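> Residue 599 in our numbering sits at position 353 of the sequence shown, with consecutive numbering throughout.
Calculated from the structure, these hints are not laboratory results. Heads up, some of the hints might be wrong.
Quick list of the computed label-pair ranges, beta carbon to beta carbon [what the hints assert, rightly or not]:
#1 Glu297 <-> Glu574: 14 to 24 angstroms
#2 Ala359 <-> Lys384: 50 to 60 angstroms
#3 Phe288 <-> Asp415: 45 to 55 angstroms
#4 Gly456 <-> Pro635: 20 to 30 angstroms
#5 Ala545 <-> Phe496: 45 to 55 angstroms
#6 Pro678 <-> Lys561: 30 to 40 angstroms
#7 Leu693 <-> Ala290: 58 to 68 angstroms
#8 Phe496 <-> Asp560: 50 to 60 angstroms
#9 Glu633 <-> Arg668: 25 to 35 angstroms
#10 Glu316 <-> Lys384: 21 to 31 angstroms
This one's a predicted model, so the numbers in the text were calculated from it and none came from an experiment. Think of the CB as a built atom: it goes at the ideal place given N, C-alpha and C, for glycine as much as any other residue.
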Amino acid sequence: MNNKIRITRLIMTALIMSLAAILTTLAPGNAEAAPPQPSTNFDAIDSYVGERLNDLRMPGAALGIVKDGEIVHIQTFGDADDDGTAVAENTPFKIGSMSKSFTALAVMQLVEAGKIQLDAPVQQYIPAFRVADPEASKRITVRHLLNQVSGIPTSAGMDYMYRTDRADDALEREVAKSKDVELSYHPGTKWQYSNRNYTTLGLLIKVVSGQSYEDYIQEHVLKPLAMKQSFTYLDDAKSHGLATGHQYWFNRPQPGGGLHENRAITPTGLITASVADMSSWLIVNLDHGVYNGTRVLSASGIDQLHTGVAPMTDKARYAMGWYETDIEGAPIVTHNGDTGESHSTMVISPSTGWGVVLLMNGSNGQARLDIPAYGVMAQLLGAPTPEMPSSLTELTSQISLAIFVIIMIQIMAAGRSILVLRRWSTNPARRPRTLARRIIRLGVPVLVSLLWAYVCVAFLPNLLMIPFEALRLMDFGVLALFSLAIAVFWGMIIKPILGIWALQTSSSPPTIQQAAPEPKVPIAAGIA
């Protein structure tokens, strides 16, 4: 019996030790996890993208992947419009600021044709160009605009995003308005993203080429690359099935919204393209300016477009319509685009030949929307796949939540104020006795309301770099305007008026009590 027990114990000990060894091997804290391996399992990639799109509640999207000069995979997801038309590989999408890469290539074409010098002042080609500082105006060069180091602030590139202008001279008139722009930095000293830089470059292309910006891009960029489902005029895109954009209202996609149709915006963010055409665009950028034997730019010109020179963050440097960064140490060149109701992301890895583009017909927070495309590239390169952040990590979501809380506080404070003012009007003993206390009780809330009104009217638009009038077009903006209305109409007008009236109202109950006969019943019974 003892031998049997001893043998049983030995077996159990061996099993326990073996299990412990297995668990130790599997435990992430005790052994290095195997590094991710490059994956070309497109079914798995499609599944990954589909899951991320579901997380984003994205109505429709199109994914393109290229490798070594060929389109190796295209997949579409969801609907192109609210009638249920499925997204197709030839469905045009608004590509937003990815348009800047087309504008930059067009400028480099004119540089190589000897018509533009990168380090020449912009005024050499557009004499009317100027900012508020006359001396700084003379020093802003073409290269400064391309690298986003002109000193023109981000906010100056947002004020015309919500204005409609289809006129032939839209570029001229918008660039002329730069005369009122105060620079944030001296030209050439610091990166600051501004759409106005690329609007100015659009006018430069028009002036130097003698063609409209739209016609130049169509003839010298889109046509040589056989990008037949890409357009510089929105009407053309609409007639070819432009995907319906969706703006998110409290995390729910609703059709419409976004940038207005303005030809001053086209060079910086209003070109449209299909996923098949954008895949061709990635190929020409990966193959040193050549597509199907057609050269649209020299190899050195493409290198300049992709070489980051202006520090954006510790990891990213802006180039010309692109920026250099990395995914978990793997170098990439990338740019995204957002029109407020559509989003796009393109990523290329020049050292490996991989390229990824993802077009979406909704906009729900830029930081989250770039993750699916980066995740695909990470899988192709064998890098760790980035996590999808919560919607609450987005600044606009945080602002919406904060303003909602403030509105609740305003409503509760208004209810309490009504009760207090009622007591003041009926019971003089409850009123503040001194003038100072009365000023404090009525004046401080007015000052708080005034401060909050300033936040809504000036600080919030400046923080988000959008004009005040554009707030009504956004979910958090509607909340801000509602809260502003409470602050102005109740906090600054109605409440002070009611407060002054309550302090001056004579209380009539004492006179009534003197004229009334003595009660014959107990007070408690009278109340009942």
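> Taking the earlier hints as the rules, which of them does this structure contradict?
2, 4, 6, 8, 9 and 10
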